[in-house]
Amino acid sequence: ILNVEQSPQSLHVQEGDSTNFTCSFPSSNFYALHWYRWETAKSPEALFVMTLNGDEKKKGRISATLNTKEGYSYLYIKGSQPEDSATYLCASANTGNQFYFGTGTSLTVIP
Amino acid sequence: KAGVTQTPRYLIKTRGQQVTLSCSPISGHRSVSWYQQTPGQGLQFLFEYFSETQRNKGNFPGRFSGRQFSNSRSEMNVSTLELGDSALYLCASSEKPAAGELFFGEGSRLTVL
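So the protein sequences, as listed, match chains A and B. For the first sequence, our numbering assigns the number 1 to the initial residue and increments by one for each residue that follows. For the second sequence, our numbering assigns the number 1 to the initial residue and increments by one for each residue that follows.
Simulated from the structure, these hints should not be mistaken for lab results. A couple of the hints might just be wrong.
Facing chain A, according to a computed beta carbon distance under 7 Å, are these residues of chain B, among others [unchecked claim]:
| no. | residue |
| --- | --- |
| 1 | 2 |
| 2 | 48 |
| 3 | 56 |
Taking lysine to any residue pairs in the SDA-like style, the calculated list, with each CA pair at most 25 Å apart, reads [as the list claims (entries may be wrong)]:
| no. | chain 1 | residue 1 | chain 2 | residue 2 |
| --- | --- | --- | --- | --- |
| 4 | A | 57 | A | 100 |
| 5 | A | 42 | B | 103 |
| 6 | B | 96 | A | 63 |
| 7 | A | 57 | B | 96 |
| 8 | A | 42 | B | 84 |
| 9 | B | 96 | A | 100 |
| 10 | A | 42 | B | 101 |
Here are the in silico distance ranges between beta carbons for each label pair [what the hints assert, rightly or not]:
| no. | chain 1 | residue 1 | chain 2 | residue 2 | range |
| --- | --- | --- | --- | --- | --- |
| 11 | A | 28 | B | 51 | 22 to 30 Å |
| 12 | A | 40 | B | 95 | 26 to 34 Å |
| 13 | B | 70 | A | 108 | 19 to 27 Å |
| 14 | A | 15 | B | 62 | 43 to 51 Å |
| 15 | A | 18 | B | 82 | 43 to 51 Å |
| 16 | A | 39 | B | 8 | 17 to 25 Å |
| 17 | A | 52 | B | 95 | 17 to 25 Å |
| 18 | A | 12 | B | 71 | 42 to 50 Å |
| 19 | B | 3 | A | 16 | 41 to 49 Å |
| 20 | A | 3 | B | 61 | 19 to 27 Å |
| 21 | A | 41 | B | 2 | 16 to 24 Å |
| 22 | A | 54 | B | 84 | 20 to 28 Å |
Since this is a predicted model, take the numbers as computed values, not measurements. Idealized CB from N, CA, C, for every residue including glycine.
Generate the whole structure from the sequences, applying the supplied hints.
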């Protein structure tokens with residue numbers, strides 16, 4: 001069983017602040033690292049899928065990095081907006097196509 | 001493109017009963033995976049199907065089973081329901097398992113009384 005851990009568990013930031021979350025995962029049998037955004041009463045939506053060590057991906061104000069050697073990924077949000085409020089999930093996929101999700105970081109952006 | 005559709009959205013069952021949940025993936029997606037979410041827990045992987053074959057199964061008892069049809073639609077079944085089976089069950093479809101992003105349905109919320 002893979003243990004994917006996310007920190008912090010929850011976070012409150014002021015509108016305009018930048019913030020970041022951490023996802024740590026076991027490196028054995030690693031294949032891909034996924035980030036998802038899950039708003040209340042909606043389905044999780046994919047943000048990024050990364051496979052290579054050193055990968056960096058960006059979508060608007062959100063970006064992510066991947067370090068497969070040490071088993072961690074960071075998600076950054078620049079200039080947080082109230083609409084960024086959601087739970088951010090990371091998941092590690094192994095070579096057997098099994099996904100292991102963390103418990104998420106709940107972000108609240110205060111206007 | 002239509003999204004992933006799960007039915008039913010909500011259901012209430014009593015202990016000992018069984019339940020079947022359905023998932024229709026995005027057209028062209030051959031991989032369907034199922035997850036359970038309970039309060040305080042992350043999404044727990046149940047199983048993954050690809051072209052009608054179960055390729056992976058998570059750490060769940062044999063009461064949890066599933067199947068996939070030739071049109072990629074999938075069903076999961078839970079027999080002899082227990083109170084602890086109350087959860088949100090999500091399915092997700094993907095073009096490329098593991099490396100491709102998952103597209104989730106809205107989930108089926110099961111309450112076991």
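Query raised in the report: Against which earlier hints does the structure fall short, listed by number upward?
Result: 1, 13, 19 and 22
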